[in-house]
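**Student:** Each step along the sequence shown adds one to the number in this note's numbering, with nothing skipped, and position 59 is 59.
Hints listed in this document are in silico derivations from the structure and should not be mistaken for laboratory results.
Honestly, I wouldn't trust all of these hints.
Pairs of lysine to any residue, SDA-like flavour, derived with a Cα cap of 20 Å [said to hold, decoys possible]:
#, residue 1, residue 2
1, K140, T7
2, K225, N47
3, K72, D150
4, K140, R8
5, K140, L112
6, K225, N127
7, K189, R169
Keep in mind it's a predicted model, so treat the numbers as computed, not measured.
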Amino acid sequence: MDSNKFTRSQKLLELSQRFRQSRSVSPLSGDPSSSQSNQSERSKRPNRAAVLICLFEEGDDIYVILTQRSSKLSSYSGEVSLPGGRTDEEDTDDIQTALREAKEEIGLDPALVDVVTVLKPFGSKGNVTVFPVIGILWDKQAFNPILNADEVESIFYAPLEMFLENENRRQEEREVGGDKFLHHYFYHKTNDRVYVIWALTAGILIDTASLVFRRPPDFQQRMPKFWNRNQSNL
Numbered sequence: 001m002d003s004n005k006f007t008r009s010q011k012l013l014e015l016s017q018r019f020r021q022s023r024s025v026s027p028l029s030g031d032p033s034s035s036q037s038n039q040s041e042r043s044k045r046p047n048r049a050a051v052l053i054c055l056f057e058e059g060d061d062i063y064v065i066l067t068q069r070s071s072k073l074s075s076y077s078g079e080v081s082l083p084g085g086r087t088d089e090e091d092t093d094d095i096q097t098a099l100r101e102a103k104e105e106i107g108l109d110p111a112l113v114d115v116v117t118v119l120k121p122f123g124s125k126g127n128v129t130v131f132p133v134i135g136i137l138w139d140k141q142a143f144n145p146i147l148n149a150d151e152v153e154s155i156f157y158a159p160l161e162m163f164l165e166n167e168n169r170r171q172e173e174r175e176v177g178g179d180k181f182l183h184h185y186f187y188h189k190t191n192d193r194v195y196v197i198w199a200l201t202a203g204i205l206i207d208t209a210s211l212v213f214r215r216p217p218d219f220q221q222r223m224p225k226f227w228n229r230n231q232s233n234l
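Start from the sequences and build out the full structure, keeping to the hints where you can.
**Tutor:** The following block contains the structure:
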């Protein structure tokens, strides 16, 4: 990218530096010494996935890219999610998985995304280990979404800080195997539609927002134990 074509956000520059100085789960560069261990880890955990938390600044707010899954899909049809999916055998690491899936789903060129860290994984009820990959889209104007209609119905942007606030949020108590937890539902109106962000996607974004803004949410979390949250200390 030609940095002369646009002005990089000072807020995101500081955020990028802070994340890069933190401990990441996966390497952020093509370190040959890590390749063998990554392949071994993937072979031991075939139910592995990665999602891309792609951040950009607009006005004074930091936004995240979200999608609504196609109603044609057999699982989680019509739900809001982060771009991402299962690991392929050809993927060298979780970063490549997240970037490849984002390109396939919404046409996001990996060259536009500056990956700054990979967070500790979340577990899901389907026994899939999900790795959140945080990337920065410095030049939002360079991104022209191209949706894969078989996978994505729509794309939208939400302010990241909304996942720390009580406004436009409700919660429900659930129980799985004696584990009582809260499901959070966030309602975001944009493009004359109201999107509902909940379940694992909401959980990942709550923790991401807490790391980015360095403060806890305005509500009690009580996330499911099976998510096995273990985030970096940023």
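**Student:** All hints are to be evaluated individually against the structure, with a verdict given for each.
**Tutor:** Verification of the supplied hints:
1. A C-alpha spacing of about 11 Å is found between K140 and T7, which places the hinted pair at or below 20 Å, so the restraint holds.
2. About 18 Å separates the Cα atoms of K225 and N47, which keeps this hinted pair within 20 Å; it holds.
3. For the hint linking K72 to D150, the alpha-carbon distance of about 7 Å falls within 20 Å, and the restraint holds.
4. Of the supplied pair hints, the one linking K140 and R8 holds, its CA atoms being roughly 11 Å apart against a limit of 20 Å.
5. Under the criterion of a C-alpha separation no larger than 20 Å, the hint pairing K140 with L112 is consistent with the structure, at around 9 Å.
6. Proximity of K225 to N127 is assessed by CA-CA distance (about 13 Å); at most 20 Å being required, the pair is judged to hold.
7. Between K189 and R169, the direct Cα distance comes to roughly 12 Å. Compliance with the 20 Å bound is thereby established for this hinted pair.
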